[in-house]
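Residue numbers (the numbering used here), protein chains in the order written: chain Z, 1 to 249; chain C, 1001 to 1572.
I should point out that these hints are in silico values taken from the structure, not numbers from a laboratory. A hint or two may mislead.
Okay, derived cross-link-like pairs now, BS3-like style, lysine-lysine, Cα gap no bigger than 25 Å in a straight line [as the list claims (entries may be wrong)]: (1) Lys-135/Z x Lys-1442/C; (2) Lys-1078/C x Lys-126/Z; (3) Lys-1413/C x Lys-211/Z; (4) Lys-1254/C x Lys-1212/C; (5) Lys-126/Z x Lys-1212/C; (6) Lys-217/Z x Lys-1405/C; (7) Lys-1345/C x Lys-217/Z; (8) Lys-1413/C x Lys-217/Z.
Note that this is a predicted model, so its numbers are computed, not measured.
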Amino acid sequence: MAEDNNKEKIDQESLSRRKFLRNSGFAVGGLAVGGVLGSVIPWGTDEKEPQQAANETKNYNHALMNFNQVEFQTVEAATERIFPEDENGPGAQALGVAFYIDHQLAGSYGFNARDYMNPPFFHGEKTQGYQGRLKRREIFKIGIREMQNYSHSKYKKGFTDLTADEQDTVLADFADDKVNITTVSASGFFNLLRSMTLEGVYSDPLYGGNKDMQGWKLRDYPGDQMNYTQVIESEEFQQIEPRSLRDHM
Amino acid sequence: MAKKLPKTDVVIVGVGWGGGIIASELTKQGLKVVGLEKGQERETEDYYMAHDELRYAVRYELMQDLSKETITFRGNEKMRALPMRQYGSFLFGDGVGGAGVHWNGQTFRFLPYDFEIRSKTIERYGKGKIPADMTIQDWGITYDEIEPYYDKFEKMAGISGEENPLGGKRSDKYPTGPMLHSPQMKMFKEATEKLKYHPYTIPSANLSEPYKNPDGISRAACQYCAFCERFGCEYGAKADPVVTVIPVAKNTGKFDLRTHSWVRRVLHKDGKATGVLYTDLTTGEEIEQPADMVVLTSYVFNNVKLLLNSKIGRPYDPASGKGVIGKNYAYQIIKGAATGFFENKKFNNFAGAGALGMVIDDFNGDNFDHSNVNFLHGGYLSLTQTGKRPIQTNPIPSDSATWGKEFKQNSLKYINRTLSIGAMGASLPYKQHYLDLDPMYKDAFGDPLIRMTYGFRDQDKELAKFTATKAKEILQEMGADKIDAMDELGPYDITTYQSTHNTGGAIMGADPETSAVNNYSQMWDMENLFVVGASSFPHNSGYNPTDTVGALAYRAAEGVVKYSKDGGLLTS
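Make a model of the complete structure from these sequences and hints.
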């Protein structure tokens, strides 16, 4: 019976997931120094901190609802490779993308609240879309761990300790499904990370990314304007100072 | 036991364009109408913070909650259908106004060819031109017969436009003039004129000027703010049931609109509908609403789901081709498109309106000779300027990296230096493309979900390749430095957004053997039940469907009124 075969498949899947959790516990053990200490000691930004504090009001939004410190730093480093700082302007890190992702995963999107999550779960064709039982926040947790494991097995270092080129190699291997893992789809995780990076760069600053509308400014996007009647027929490109939803309050 | 309410004249299921039009027309005639809508109330005031791409376009704020109900999908009958767990290929509207809230407003009439597609194809090319398992059939109505209803819908909605030089004959011009022309549109116009095609401005439900409709409803002009599709219009400039037909129905005092009301069954006895059974989602209470007439005006999938779960009509059997409920599911072939990169130009791509653009019909319907192509019908080709929002629009050349430094560089450079030519390819039905009830997956109430069996065929692949080639040719004429055009259509994939133009499943026709409803949208098998919407399209044309949905809804309203007086099956 087709149904029975499938049940077997599911059992195998949950078996391999248990195995993963065991293994990854071990692998994360290798991370212990970076991980545990990392959550107490601020990473790499010590010098900037006092200066920032003097120049800017404290952003109370910049705290974590979902990730732990190591996860946050890993995501921050990975998103910065996906959308790096360059001569055009800031990258994901400066735009607050990792905070954006953290906050989104803590809410309904992270819990797949508006997705159809009813069983049974079967493997489908690619054309049928995501058929897993894991929610986005779980995919992230596992995906980040897998990225750390892969970094360790390939470079004997955690992801955040790699050079930019090494980080790119790890990400590319995930994007191209060159990583042999059974827990989550490597490319599925990468695609989710990539799409959430773009969301964090370009969504209204209200969500925690796109700091000071700098994401919009990178591409001359005026954000939330009420009216372009005067612009539509113009032969010239119109440089317009962006506005956000905050301007509506 | 369900609580039983007092009987009403008419109960309608779903209050979007179909339901809103039926409600306004019937209440104007003095009938008492109860409107059941499973979503929430909506009003223009809700859209004060609407310019939020993440909330509305990416997180689908206005769409149905898939955790409660979705559909299942398989590419062919040999596959196991699996639920569409997240949105992708198409979206389900939700709440008062339905999909009429989040549409772009592109409002085209179908061609005379569409309504008599089988006869006219055979007449011109012979029977052999139609593939054996392609189930195109005439609609049981002609263009001339539907024309007055198009006119009615267009005047109610205030459609802004100019005459289509290759379209069917109009009894009157559009009620408002065409939208403004941007430099991009002018480039398209010039190029297509040089190529000897027939460009015209896209007919738009985003008003080009303030307008008062025949019902006395006044609306403001479009501000080209670039937040249309997937968004509600804070100006009320985009025609939407909430700012047009629903207030008209409400003003009669005869329209009882109940939101959060999830209809599960059409009740019937001795071949006649007796009312509907629904659940009040705020209390969980089961309620029976008896009615003399029942009108289904929900989305395509839900119309068919209600019929099948209520055991009304003859379910379609793909093996024999017999039966009608679920038959002729069709879609839209939009991937045959191209993007041009202009190194030395910079366009105001951030500005726009949902129905702003130029279009040609030279390759739509049977406006060109199909003798030497391996497909039927065609599609329009258009340049639209709907507003390129930053999360979802990051155009890069096909050979560019999709993340990292190169991606950032290219996406920033090209966002205002690209123009796309889109195609609205017709989708013709096949014997093997249909809707039925899924044997495994259920909705929040334990009712089976609709199962879709659908895939792209050679017809679609040839058509898409053809429109992509034409799109490329136009971009060349427009002076693009580099053009990326679709190569191969590939299999139908439910994960990437294509179009919310799903059609069929309860199709109209002149013969009860091969259609579910007559040209008044009246069920052949149950004369006091009307099924209104794109579910009645026997195929989908090379156009956006809303004008035709609206026209058929006006005709259905006329039918319901007639039936309320004379009874019986209506004849045209």
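Hints versus structure:
In summary, the hint linking Lys-135/Z to Lys-1442/C is supported, as the alpha carbons are separated by about 20 Å, within the 25 Å threshold. Between Lys-1078/C and Lys-126/Z, the direct Cα distance comes to roughly 16 Å. Compliance with the 25 Å bound is thereby established for this hinted pair. Pair hint Lys-1413/C plus Lys-211/Z holds up; C-alpha atoms about 21 Å apart against a cutoff of 25 Å. The straight-line distance between the Cα atoms of Lys-1254/C and Lys-1212/C is roughly 23 Å, inside the 25 Å bound, and the hint therefore holds.
Distance check on the hinted pair: Lys-126/Z and Lys-1212/C sit about 49 Å apart at the alpha-carbon level, beyond 25 Å; violated. Proposed proximity of Lys-217/Z and Lys-1405/C is supported: the alpha carbons are some 17 Å apart, at most 25 Å. Only pairs whose Cα atoms come within 25 Å are accepted, and Lys-1345/C paired with Lys-217/Z is accepted, the gap being roughly 19 Å. For the hint pairing Lys-1413/C with Lys-217/Z, the CA-to-CA distance comes to about 13 Å; that is within 25 Å, so the pair holds.
Consistency note: the structure conflicts with earlier hint 5 alone.
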